[in-house]
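From first to last, the protein sequence lines stand for chains A, B and C.
Sequential numbering from 1 applies to the first sequence in the numbering used here.
Sequential numbering from 1 applies to the second sequence in the numbering used here.
Sequential numbering from 1 applies to the third sequence in the numbering used here.
Simulated from the structure, these hints should not be mistaken for laboratory data.
A quick note: this is a predicted structure, and the numbers were derived from the prediction, not measured.
By construction, the Cβ of each residue, glycine as well, lies at the ideal position given by its N, Cα and C atoms.
Heads up, some of the hints might be wrong.
[Claimed, not checked] Below, in silico cross-link-like pairs of lysine to any residue (SDA-like), each with a Cα-Cα straight-line distance of 20 Å or less:
id: 1; chain 1: C; residue 1: K74; chain 2: B; residue 2: C267
id: 2; chain 1: A; residue 1: K191; chain 2: B; residue 2: P56
id: 3; chain 1: C; residue 1: K130; chain 2: B; residue 2: P178
id: 4; chain 1: A; residue 1: K138; chain 2: A; residue 2: V238
id: 5; chain 1: A; residue 1: K157; chain 2: B; residue 2: G123
id: 6; chain 1: C; residue 1: K74; chain 2: B; residue 2: G271
id: 7; chain 1: A; residue 1: K157; chain 2: A; residue 2: A185
[Stated by the list, open to error] To spell it out: a stretch of chain B is covered by chain A in this simulated footprint if at least three of its residues, at any positions, have a beta carbon under 8 Å from a beta carbon of chain A; those stretches are:
id: 8; stretch: 55-63
id: 9; stretch: 122-132
id: 10; stretch: 203-217
id: 11; stretch: 381-395
id: 12; stretch: 481-491
[What the hints assert, rightly or not] Label-pair ranges, simulated between beta-carbon atoms:
id: 13; chain 1: A; residue 1: A311; chain 2: B; residue 2: L120; range: 38 to 46 Å
id: 14; chain 1: C; residue 1: H301; chain 2: B; residue 2: D91; range: 49 to 57 Å
id: 15; chain 1: C; residue 1: E135; chain 2: B; residue 2: P56; range: 52 to 60 Å
id: 16; chain 1: B; residue 1: L66; chain 2: C; residue 2: R110; range: 31 to 39 Å
id: 17; chain 1: C; residue 1: V296; chain 2: B; residue 2: P447; range: 51 to 59 Å
id: 18; chain 1: A; residue 1: L70; chain 2: B; residue 2: L54; range: 19 to 27 Å
id: 19; chain 1: A; residue 1: S286; chain 2: B; residue 2: V279; range: 49 to 57 Å
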Amino acid sequence: MKRLIALSILVAGLGATELANAPAQAETLTLYSAQHSQVDSMLTAEFTKQTGITVQVREGEGPDIAAQILQEGADSPADVFFTENSPELNLLDEKGLLAPVDLATLKQVPAQYSAADGNWLGVLARENVLAYNPALIKESALPASLLDLAKPEWKGKIGFAPSDADFLPLVSAVIKQYGKTAALAWLNGLKANGIVYQDDEGAVAAVARGSVAAAIINNYYWYRLDTDLGPAKIDSKVYHFKDGDVGGLINISGAAVLKSSKHQAAAQKFLAFLVSEKAQQILGQSDIDYEYPLRPGVPPNAKLTPFKDLAPPAINASQLGDDQDAGALLQQAGLI
Amino acid sequence: MPGIALLSTRALRLPNPGLLAAAGLAAGLVLLPLGVTLADAAGAGWQMASALLLRPLVGELLVNTLLLIACTAVLCGVIGTAAAWAVERTDLPGKRLWGVLAVVPLAIPPFITSYAWISLDPGLENFAGALLVVTVSYYPLVYLPVAAALREMDPALEETARSLGNSVGSVFLRVALPQLRPALLGGMLLVALDVLVEFGAFALLRFRTFTTAIYSAYRAGFSGAEPALLAAVLLVLCIACLAAEYLVRGKAQYGRLARGTRRQAACYNAGRWKFLSPVGFALMALITIGVPLGMITYWLTQPSYAATSTVAYSLGSLLAAGWASLRLGVLGAILTLVLALPLGILSTRYDGWLVTLLERSAYLAQSIPGIVVALALVSLTVHSIRPLYQSTALLVIAYAIVFLPLALVSVRSALMQAQKRLEEGARSLGLNWLQVLLRVTLPLAAPGLGAAAALVFIAVVTELTATLLLAPIGTRTLATQIWADTSTLAFAAAAPYAAVLAVVSVAASWLLARRFGAATVFRPVP
Amino acid sequence: MANLSIQNLTKSFGGAPLLHDVSLTVDPGTLIAILGASGSGKTTLLRLIAGFERPDSGEIRIGGELVASDTICKRPELRGVGYVAQEGALFPHLSVADNITFGLKRAERRARHRVAELLELVGLPGAYAKRGPQELSGGEQQRVALARALAPGPKLLLLDEPFSALDAGLRAETREAVAAAIRAAGATAILVTHDQDEALSMGQRVGVLQNGRLAQISAPEALYRQPVSPELANFVGAAVFFPGQAIGPKVICALGALSLAGPAVHGSVEVMVRPEQIKVTNAPVPGSVRAIVNHVTFYGHDAVLRLAIVGAEPGDVTARIFSQSIPEPGSDVWLAVEGDVVAYAEPVSA
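Same shape as in the complex, but just chain A (with noise of 0.2 Å):
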């Protein structure tokens, strides 16, 4: 009986911290995110610092958070979505979820790299970059174009990550500049060329160990391994693509409000905190992120190589659009 009064107490307790844990404080933001978790806690830490509102976070990659939101729709708990990769912004928006995002926000970065509708707001850029071992590869041997990796040269060299959320903008963006056959063209070539891993953690890894030559990836994961590897450590290299090679793509990590959210002005705060100097200079100064903050005047981390030295091609974020075309093509060639 004593054991049964004990238990009694303990399914009461566990009951009780349900109860607790319900959102039942006025002001909590629901924040999707597909955000490496470390910035997730940095930036909402600050947050309620500054602001006294308190943010739950749900964390994912970008395009699953993407699908959620629409399978969840005028339904959804989300309040704001803060992804790594325009697409899913541009995806959410087609379909009407996004609510403007404030005019006065939006101007604190420059206009290329938020939506053309201002209906989400660019945060943080990242580089697509080669990684490579020089131990396997000179870098002299290092293609000009993308395009190149797909030429039967590079058989067994290269590593890519065809399904992680990353891989589809560079994607869309080749279907963009050379069209879908091309495009087609080339994944059939990565594929028959290629190794596939599951992430570009997994594929930047496998540079660094030797076991591929070569991988598609974008910076922050090979600084990231930099850093957690120890500069002694780590024997590969990171490679740019020049002269506006689509190889080079700008990745823009952006935040939206959802139309349904039931705390607007909450969130719109929390958009104008992404891109205030503070913050900006919490994502620039880490350690962990390795993204370019995009408020001007507010510098990198000294390790990355200065923004304005990047080449990028001429794809702005709006243009890349959603990353439907993309998925489909990855379907196609059978890489997903």
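Given the coordinates of chain A, work out where chains B and C should sit on it, guided by the hints.
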């Protein structure tokens, strides 16, 4: 007095409607994800379905998955049988220790093993790595039933065969192996089923199987039908496995022809193997137990870098994750037990097609991968049962569905402890059904029911897939934390969570196994 | 066929002796029964002969060849010893024919060598060859097990309590069939059993194992009539003991002056009488003593009386009588002993 039927003579009366409804609810809950998945898949339409299913990736997954299953099952079969034979039939030194060590891997969740190996050698991100991890995780599923069958086997069979001129090797092939066939095949099919259902280990190894592809498709989210279609294919494979296992177990259970005094089994001179096989066992223990625990310990001593760990490590975050796991474990165990009880009572006290149907439905859950259950529940709640969406309740329901068969096996054997004739005896002594329940049935069944709850608790705490998909906003458990950190290669950050999880799982399993025997704790079969 | 000779065989397990200094020989073509209670070491003896276990010391020779000593232990499969286990131990995955040919060479197995002949030998119809072991009764299983053991033509046949798992009715029938088959095959055999009737009825000689020692080995009748110790007398059958005084070939006890079997003794002895030796009559006959019937137990074919001898020390005497004329409890009867009795110098401990 509706309760009379509950404890009255088998098959003579219909079960009372309340009991039947409760059992029906439990069985229905299991069938729910099946139905939702098939409906979602069917929603794709013929053209889309064939386009999605006939693409090269599905073929590749099928080859990957089936090849892995075949290799793992054969490897586990060979290793498990050899280990069981050595422990049960030879005089090798330290038999008891090896016997225990051969079972321990089952208490280490495969994604922890995967974490350990991938952090030891990232080059294992391939078929060989996947084969290694699942083989070391699952070979006890063959070892346990084969060792039990060897213990059960009439020793006179082997002795007679030897006196008829057969060497030990020949006795094994001509006499022991044919008797072991049901146990061996059954074990291998369980391995196959577990490999089919496994998600975490493969996701961390970045090896593509159906489960990881379903997860990718769910993540990519281009179409709600795609993960459902892949899930339907996976379900077909799983149900085929379960059905085969059922057939193997049902058929040709030779057993002993006659029962009598049981003598000690033969103990063959290990000869030149006497010193070789302990080396083999030690090596096996090193690979299956040493590496996971060793790697966790190694990473515990390494600094964790903020750049890759998903949250800055602190005792607070560890406690929060531990508390979340504990809470979900207890809630999951309670709900699962509550659902399993009516089914258990029904199946131990009544006969008939309806009872069989309900029971079989519940066991069907064995073949429904966690990822399919989770996906179906998301799909269902996001569209129609909104209040449950992203709630703890939904996650707990998912646990109950996934672990209902596990609980049911233990609940059934617990209720068998309270034999019907004892209940009848109590009734004849003037007790009513409630008094019988409280004074006879429950006291007798209590330890078994406790074991059932504890088993589900361990299973929930070490569960990854459903937790990953269904955990409410802000809920991080030990398992999801390990997953998140390991998938960003933050091995040191994952180590404290992995250590707590491994210690909880191994310790709890060990305590249970000591009390109830290894066979009830590790993957009991109905 | 060859014979078996065992010398000074000793085997212990974990410090506890199972067999101690056992010596025995079995002549070709004979069946010897080893009788013992459970734990007496009889199964250990068989397992040592079969080669399933290794002796601590002593020697075992089969057909003159040394197969086990403290240095040698020939593997069981090379000894040519047929073994019939307690419950037959038929291989459940094989048919009757496949069971019988199990110990033969591959070619002979294919040819179903001697299956019909062996089935006939053990008294089973030839049609049984195709059956599975599950379709046979316990007795039939035992006969097939015997056929299987005989098939390779073993030098020696070991039968380990082969009838203990059978019902009373089947047991007698199976015993006879097995005994006949062994005789017909001319096999040398050792049967171990805990059943006195079985040992006495089947063995041409019977050995009794007590606590790991071979207490006596002799022809069945001699064992029953002249057991070497009171314990043995009790073990081999029912026995009644009286204190008495021996004078040469006679002994005086509560049942009167009885003639002694065996060599003459003198002095205080313990007299052993088998209950069926005591004749019960309604009227006095020469040499009879008066007794009162205390209790009657009726068994059908016979009955057992418990009696008190008038004028003797208090205590029951048991007599087994033909069931046709049973005296009433309480009635007076007269007792006389038929045949010779045995006297032991040591008193029986309670």
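Do the hints match the structure? See the list:
1. C/K74 with B/C267: With Cα atoms ~16 Å apart, C/K74 and B/C267 stay inside 20 Å; holds.
2. A/K191 with B/P56: Holds: A/K191 and B/P56 sit about 12 Å apart, inside 20 Å.
3. C/K130 with B/P178: holds (18 Å)
4. A/K138 with A/V238: holds (12 Å)
5. A/K157 with B/G123: holds (16 Å)
6. C/K74 with B/G271: Cα-Cα ~14 Å, so holds.
7. A/K157 with A/A185: holds (18 Å)
8. 55-63: holds (count 4)
9. 122-132: holds (count 3)
10. 203-217: holds (count 6)
11. 381-395: holds (count 6)
12. 481-491: Holds: 5 residues of the stretch 481-491 of chain B have a Cβ under 8 Å from chain A.
13. A/A311 with B/L120: 38 to 46 Å: holds (40 Å)
14. C/H301 with B/D91: 49 to 57 Å: Since C/H301 and B/D91 have Cβ atoms about 51 Å apart, the given range 49 to 57 Å holds.
15. C/E135 with B/P56: 52 to 60 Å: holds (54 Å)
16. B/L66 with C/R110: 31 to 39 Å: Distance hint for B/L66, C/R110 holds at roughly 37 Å.
17. C/V296 with B/P447: 51 to 59 Å: holds (52 Å)
18. A/L70 with B/L54: 19 to 27 Å: holds (26 Å)
19. A/S286 with B/V279: 49 to 57 Å: This hint holds: roughly 50 Å between Cβ atoms.
Taken one by one, the earlier hints all hold for this structure without exception.
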